[in-house]
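Order-wise, the sequence lines are chains C and P. Sequential numbering from -5 applies to the first sequence in our numbering. Sequential numbering from 5 applies to the second sequence in our numbering.
What the hints contain is simulated information worked out from the structure, not anything from laboratory work. Among the hints, a few may not be true.
[Stated by the list, open to error] In silico negatives: residues of chain C with every beta carbon more than 12 Å from chain P:
(1) H123
(2) D399
(3) Y459
(4) G503
(5) S545
(6) I568
(7) R579
(8) A612
(9) L623
(10) G625
(11) T706
(12) T712
[Stated by the list, open to error] FRET-style restraints, in silico, Cβ to Cβ:
(13) Q59(P) x S440(C): 34 to 40 Å
(14) G118(P) x V592(C): 21 to 27 Å
(15) Q488(C) x S161(P): 50 to 56 Å
(16) P146(P) x A628(C): 34 to 40 Å
(17) P84(P) x P494(C): 38 to 44 Å
[As the list claims (entries may be wrong)] Pairs of lysine-lysine, BS3-like flavour, derived with a Cα cap of 27 Å:
(18) K587(C) x K119(P)
(19) K501(C) x K599(C)
(20) K671(C) x K179(P)
(21) K122(P) x K587(C)
(22) K487(C) x K576(C)
(23) K587(C) x K121(P)
(24) K566(C) x K487(C)
(25) K533(C) x K487(C)
(26) K587(C) x K599(C)
(27) K501(C) x K576(C)
(28) K566(C) x K533(C)
(29) K576(C) x K566(C)
Positions of the beta carbon are idealized from the N, C-alpha and C atoms, including for glycine.
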Amino acid sequence: MRPFVTCVLGSAFALLLCGSPLRAIPTKADPTDVASSRPDQDEEPDGLTNQEEAEAGTFPYNAYSDSDIDPDGLDGWAREPALSPPRLPNVQYAVIDLEQGEPQTGNYPYILGLGDDNTVLFSDEHFGHTWNPKYGIIPLSFWPNSISRSGQYVCGDGDRDFNDPQRNTSFYLMDVWSGAAPTAFAPWTKYGFPSLGGDADPLQDGEEAYAVTVNSSGTTLGYFADQRTQKYIQRPPRTNFFSWYGVAGTGLNFTTGQYLNAMSWTAVKSIITYPADETLPGVIRYENPGENGRIFIPHQIADDGTIVGQVGGDFTALDTLGHNPTHSFLDVAKTAAVQLVSSSTAQELPLPGGTGEESEATALNSSSPKRGIIGSYYNDNNSGEANLWLFSEVESPCSCPIARDSDGEPVTLERHAYDINDRFQITTDVGLVHNGRLTTPKIAGSDWKNPWAQYINNSGIIVGYADYSGTDPNITAGSHRVMLLPVQIGSRKQGMTTAPETGLLVKKGEVLEVALAPQFFDTEDNFETLITWQQRQLKGDGTYTEWSNISAQATGAKFEHTTAAGGIFQIKAIITNGGEHKYMRKIDAPHAKNGSGVYNEKLRKDQPDFIGVADNAAQVAVRDQSLSLLGSTAYAKSAAITVGYGVDPTLDFKGAWKCNIFVFSMSNAAGVSVPTKSWRDYRFGIPPYVDRAVPPGANDWYSSSYSIPSWTWAAASTLPQPGFAAIHQHVNDAVAGGAHIGILDYDGTWISAGSATVNKSIHVSDGDYQPTNYRKP
Amino acid sequence: MMKPSINKSVSMFAALMLTCQLVENLKAIEMPANIQTYLQTAAVTEFGFPSGTEQQRTEFTTWLTTNWPAVLDEIEAVAPDERRQKLIAAGAESLPGTNYVSFLSGFLDKYEAGKVKKAVAIEAMSPGGKKYGFLAFNYQHPSVQALCNRAKTLFPSDAEVQTLMTETLSGEQGKQAGAALAMENRSEPEILPPSQ
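This is chain P alone, in the form it adopts within the complex (with noise of 0.2 Å):
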């Protein structure tokens, strides 16, 4: 059966105004050539950063430290697909610490949404580049334990999160991490200041 022919226009239309809104938003972030050229290749490496050449990096860690809250307003445009949600949630580690777990926090928020894929919001909450262990050694910052309960919560049928987030909330997490820091000689990730 034919559709109502003002239902299809109706359609057509909503789907315009999503695509002008898409773009416009889009505009909202001041997003480079070479930025989209990046998002467009890169792609997370086997230990957990972002790909590419030194000054490739450089500039898109920089671009996402200036543009992170509106790249998380328009992620499902900025990063439609799990390669470039992946490389979005790596370069994110190079944030300072309290923007990086705003930045957790709205991840989660747009998984909730349905903006971000399921599988890359659980390993934004397992962060293997910069930050490092940082969850496991602020383990006892309000905001981190709020993150790690959060997580429980939004994946109740994932053993693997259940069991990362109840060890990191119980400290236990911070030995592991701790362990792999050293074997690599690594500094430990940066401690939280005590909230206010």
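Chain C extracted, bound-state conformation (with noise of 0.2 Å):
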């Protein structure tokens, strides 16, 4: 609900507005429109600039688009009251090609799902394989079908022979990664199989027990049929055979041309769910869950023991069940979700579509309090839209459109969702929906093109498909199954949450942490094979360092690094056949006009972003006095000034320039002491004259001669630091002219009084203000 008063006092605005004849009432404000003619401004406030609002398809003078407590600025679903998870960053992808540069080749290349631990699992026309960003490509000896959140998978049916088409089967729950590195063909801790076909419940003649998926736990999701009828119809030779079918989905998919199998099944008797610890006593089956003669089909199991699949009612249409490679129940009058929550109860839950459409659950997540719940309904015409839904234990079941497109009307998907992670980042075969809004994957640079997403980890880690059409010698053009890595550099001192929006400044031996991503804060990281981090330090002059490793541990989609060296440093990661990512601007910096109006373009968002490191307390505190007048008009030309710390009261300098006497200030009011000077007052030329105490002159800062003490001169070849004071003398008028003076910030740009504010207009590297000279506190 949206807070009362704010509901009052809209519909008192919208009555008096009501009661105008001289304008129109607006609806709704039209996004486009502020967002063209005043883009960076956030008219309510509510977190979102215009732009912002526009790309959302929020509201910009409604703080809450959809009627709920969230502002839109933090809700990652703002046209949706139902659901308000945290609203994410905008990530660029860095894209790693799982094919190791050739095109996807076989009629299978499917892939199978993708762990929180980054293993996805994948097949091709041969075997199924797992990639893991620490080991690579392993074939595996089983066809797997799915993988769990914690990096488990499932083979449905290991031990299948085919031979024998009565031999009924177990199923397999393989532990990938349990121990040292894995080799080829046997990598995996095999956990046995539910013996359904033991002494308590033997499986019968034509029974048939087939493993789903698995959760986190290692709770694996199967179920067990009877009354199964096989056909095969001109059965290809074993030493073929793989070449004749793959695993896709929950189902086997017996395809195709002459060496067509059918196969069907008359009744699911039981769902099993079945704990790792294989004693059979903590088997579950859940008889007959689909009652009356229907029958239901598991999709996935979450980690609480939730259970989503489908459900159906008419068996007679099943029997070319997996003919059809979209979805398997074609012609089922109606199918649902279905949540089990104990041994003994079955809740159906209400989906779009009626009778004649077909509904299904294709995955869950883990969030609380609310779940989602992603499926898709299919008309006559087998096409259909895709929708989420979301329940919890203490609201009633709701069904939300799977995005809104900006006018907030749902987007019609083509047909499919398929995965969902706890962010509610889903993907679909049109796009990922991200923030409530269907989007395609941003990825850096210009070598991939379509992305297509098909499973997400909660990291918001995605694989799927792109093409390649870029000049890389190592990599073929055409379609590669890849992982879609997120790109949004960031950086925090060890302790604290995140960086603050002013700049990450850390003084010399705090440890410094870094992530690709935020979410890769958080994370376990196995990427430390494929991503390196170098650095380079900005230099007096306004160039750079070469870029080099920062050290030997600064690898991995995170890492931790004990500052050892003052500087300003750029960083970037180095993705192996991922390209190299720069740390970049968050958002564009405050304060970056100088007096004529201009931005300093350096210092946009999305520029390259700077980390600071000082060398001393001195340094980081006069570096905070300065910040803190951000803005101010106290030090503008024409502004009167009582500077105080000894200089002469008489004095305002009203029509001067303050940037020395903005530096003199912030030191002294930061501890670090700068002595005035004397001036002899000759003015009227008549005795006696007034000796008068003013501030250094920037020229005075610049020279070497002039001695300040606690302020060490350095000259332009060094490496400056957060905390320095930069100083700048006009070349040609070292008599006539001035010299400019400001201090540096974490990022090299100077915090100094210009004509009218207290500004961050130049940077080190300006060449306007080249060369520059530097004292250290």
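Fit the two chains together into the complex; they arrive one by one in their own frames, and the hints show the way.
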């Protein structure tokens, strides 16, 4: 619910407008108007600029576009009142080619899943494989079926003896990375199988057990069916058998050509959840959960045991099961997602799609208190819309569109939603749903096109497909299975949750934490062999040192680094086969306009950012003190100022540049004493002359011959640090000209008093302010 | 309602003539390519001088010293925005004192004609580069007094202008400017010759 007072005020305002005969009543503001005229402004404010509101499809004059209690700037689904996960940053993606340069081949290049440990499960025409950032591609000796968030995966029917269709089987839970580095064909632990064929409950002839999926605690979800019939039509030679079928989704998918196989079950007898401890009493059977002759095919089990799947009622139509590559139960009258809450109860959720239409739930996440279930429903034309269903134990189930467009209308997807993570990101066959909007993942660089997201884990890592069209001779053009790695490099000082918006400044010896994207700070990292980190340092002349590795430990999706030297650094991640990615600015730096109103473009969002390391606490104090005055007009050229710190109180410096006065004041305020100098006032040429105390000028700071206790002079060749004073002298006006001085911020910009405000309009690399001399407190 | 087509034609003709006239006037100013480029890209630095390399600045101020009357005449074409107008005013600080006073007077004329922006005109009356302290140190000169009084008249509601001009005319500003120049070890500005 929206806060009551807001609603009342909103209503009153609407009535006021309604009473006016002079203007039309806008039912809602057009986000595109203000987005184009004032893109950087936040009208309400709600944390989103007008441009961001337009992109999000939210209202620039309404902080609660979906009338819930979360402002749009914090609400990840700001057009859906039932759903308010945290808003996610917009990121770019680096592409890691899972095909190792060659485009996908074979008839069944399926991606079967992605774990939170970043293990990818996929298959080709011969075998199943896993790919892991640490170990690369490992071929499997069984056909995998699906993978859990924790990286365990199951094989549906690894023991099947195809020579004997009446022989029934078991299923396997495998844990790929349970020990040392894996070797091909033998990386897993065999957990055994649920002994459904054991003494207590033997499988009967014609029955089959089948593993569907597994959750992070190792609980395997499967089923067994009876009254199976199998028809073999021109059964292929055994030696080639693997060439002619694949494992797709939740069922066997026998295809094609002359080697057609048809298979059907007349009943799914039980849903089985099987814990990994291999004890038979742990097996839970939900007998005939579909009830009344309907069958239930489970699709996914969450970590808390909640199951979703598909219930169907018309067996007679199932005799061609597996023929349709898109979905299995084409003609089922109605299906539904089911939540199983105990061994004895099953709750059917009301889903879109009436009689004659078909719904299927394909995936669910583990979010609490609201859980997301995604699925699709189909009309008679076999096209349909994918929807998101939400439910929790404390609220009634509700149905939401999977995304909304900029007009707030539900987005109609062609057919299918694949996966949902705990951040409520959803992969579909027409794009990625991010913050409730259907988008195409933005890929850094231009070599990869047409990204298609299939599975997404809780770190926001995606696996799917993309087309390579670049010129790298090691990568062949064509469609590749790829991992899309989110890149929005973040940094923070150890102990902080995030870097301050004013930029990251640490003191030498403090520990710096850097991650490829913010979520990687809090996840396990196995990208050590794929990602290395480099830095370069800003030099006093505005150029940079060469890029070099930060340290031997600076690898992976995140790293810690104990800073050993002061300086102003740029950093970048180098991803093997995934490009180079610099640490970039998240926002436009504030107060970066100069006195002519020109913004320094180097300080724009998405330009390279810096990390500042100061040698000592005095530097930090001077910088912090200076930063606190950013935007102030107290040092404007036209302002009168009483300086203090021993300066002649009869001087107000009205009409004078005050950059040196600013630095003098900031330094003294920060506890780094700067003494005044004496000026003999001969103004009227009449004695007695007056000696007046004034701050040292910028020209004094510039000159190595002028001594300022507590500040050490350094030439332009130094490596500057945050908290340094930076001084530029007008070169050809050494006598008649002037000089300018500022305090260096974390990023090498000057915090200095310009004609109108204290601003950050100058960067050390700006040619107009070179050469620059420095002083260190 | 449609406008009569004759009015539309007249308006278009007038616009065309105005454009031709501007082009013709610009032709009257010798504006080499390097100066055109400089005006497109440069700005006033944060301490009051034209930006760019020493060579660029010298070329610009040399050009302006020769052409400043024509530049003033066509200020709206040469410097249509605030950035370029500030650049012209900063560059004019390289003019000899007498010419500089004339430039400022002409600049205020252009402000009155709506060709120079208010913020630029106000800032020009507080020179910050080579002519820093010039008005304050020449406060007794009739031409400076006329300029200051005119500024007070033109910007009656701007408290900062009123205070600065009043203190300039009283000589008090000379003390502040003297202190500022002394801080920077800069020499005092040119003193205007007595008026005839």
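So, going through the hints one by one against the coordinates:
1. H123: holds, 56 Å
2. D399: It holds; D399(C) is separated from chain P by about 39 Å at its closest Cβ, greater than 12 Å.
3. Y459: Its Cβ never comes within 12 Å of chain P, the nearest being 45 Å, so this holds.
4. G503: Holds, because the least Cβ-Cβ distance between G503(C) and chain P comes to about 34 Å, which exceeds 12 Å.
5. S545: Its Cβ never comes within 12 Å of chain P, the nearest being 38 Å, so this holds.
6. I568: Holds, since 35 Å exceeds 12 Å.
7. R579: holds, 21 Å
8. A612: holds, 24 Å
9. L623: holds, 15 Å
10. G625: holds, 15 Å
11. T706: holds, 21 Å
12. T712: holds, 22 Å
13. Q59(P) x S440(C): 34 to 40 Å: holds, 38 Å
14. G118(P) x V592(C): 21 to 27 Å: Holds: the Cβ-Cβ distance is about 23 Å, inside 21 to 27 Å.
15. Q488(C) x S161(P): 50 to 56 Å: holds, 55 Å
16. P146(P) x A628(C): 34 to 40 Å: Given a distance of about 35 Å, which is inside 34 to 40 Å, the answer is holds.
17. P84(P) x P494(C): 38 to 44 Å: holds, 40 Å
18. K587(C) x K119(P): holds, 24 Å
19. K501(C) x K599(C): holds, 25 Å
20. K671(C) x K179(P): Given pair K671(C), K179(P) holds - Cα atoms ~16 Å apart, limit 27 Å.
21. K122(P) x K587(C): With Cα atoms ~19 Å apart, K122(P) and K587(C) stay inside 27 Å; holds.
22. K487(C) x K576(C): Given pair K487(C), K576(C) holds - Cα atoms ~18 Å apart, limit 27 Å.
23. K587(C) x K121(P): holds, 18 Å
24. K566(C) x K487(C): holds, 17 Å
25. K533(C) x K487(C): Answer holds: K533(C) to K487(C) is near 23 Å, not above 27 Å.
26. K587(C) x K599(C): holds, 14 Å
27. K501(C) x K576(C): holds, 22 Å
28. K566(C) x K533(C): Given that 27 Å is the threshold and the Cα spacing comes to 18 Å, the pair holds.
29. K576(C) x K566(C): holds, 4 Å
The structure fails none of the hints (numbered hints given earlier).
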